[in-house]
Amino acid sequence: MTHATAGKTVRIHYTGTLDDGTVFDSSEGRDPLEFTLGSGQIIPGLDRAIDGMATGETKSVTIAAAEAYGDYHPEARQEVPREQIPAEIPLDLGTMLNMQTPDGRQIPVQVAEVTETTVTLDANHPLAGKALTFAVEVVSVA
Numbered sequence: 004m005t006h007a008t009a010g011k012t013v014r015i016h017y018t019g020t021l022d023d024g025t026v027f028d029s030s031e032g033r034d035p036l037e038f039t040l041g042s043g044q045i046i047p048g049l050d051r052a053i054d055g056m057a058t059g060e061t062k063s064v065t066i067a068a069a070e071a072y073g074d075y076h077p078e079a080r081q082e083v084p085r086e087q088i089p090a091e092i093p094l095d096l097g098t099m100l101n102m103q104t105p106d107g108r109q110i111p112v113q114v115a116e117v118t119e120t121t122v123t124l125d126a127n128h129p130l131a132g133k134a135l136t137f138a139v140e141v142v143s144v145a
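Quick note: the sequence shown, position 130, residue 133 per the numbering used here, numbers continuous.
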């Protein structure tokens, strides 16, 4: 039986849930997720949890925020005067936008709050600060 180890190509089916049971992602109805174990293609905690699993094996594992998308950082929220945002930019709550830093880097931000005068943009990953539980099935290891 083949076991998942660093450098091997692993294919998994998974369902990810939050503490309240809300499903945030799943491979259900899709092809299995394929990645190279240990390469940084998936979150670190899940990468470690899959290490050593055999083809056909299933497991449920909870990953702490620090081993998933990191802790939530309030300083990553920025309030911007509404008039500085072009009128054609959608400002619906949860909309993902790209913001350019002074040095030219693009960073994804989410519209977190909108008032008549300001828009609050959040550069935290939407799952930052949250523990994530994954039900995983290893489909293949090559």
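Please keep in mind that the hints were generated in silico from the structure rather than gathered at the bench. Every residue gets a Cβ at the ideal spot worked out from N, C-alpha and C, and that includes glycine. Among these hints, one or two may not hold up.
[Said to hold, decoys possible] Okay, the calculated beta carbon distance ranges per label pair:
hint	residue 1	residue 2	range
1	H6	G107	20 to 26 Å
2	P35	Q103	34 to 40 Å
3	H128	G24	17 to 23 Å
4	S63	A131	29 to 35 Å
5	I110	A145	42 to 48 Å
6	Q81	D23	34 to 40 Å
Evaluation of the provided hints:
{"no.": "1", "hint": "H6 with G107: 20 to 26 Å", "result": "violated, 44 Å"}
{"no.": "2", "hint": "P35 with Q103: 34 to 40 Å", "result": "holds, 36 Å"}
{"no.": "3", "hint": "H128 with G24: 17 to 23 Å", "result": "holds, 20 Å"}
{"no.": "4", "hint": "S63 with A131: 29 to 35 Å", "result": "violated, 22 Å"}
{"no.": "5", "hint": "I110 with A145: 42 to 48 Å", "result": "violated, 35 Å"}
{"no.": "6", "hint": "Q81 with D23: 34 to 40 Å", "result": "violated, 28 Å"}
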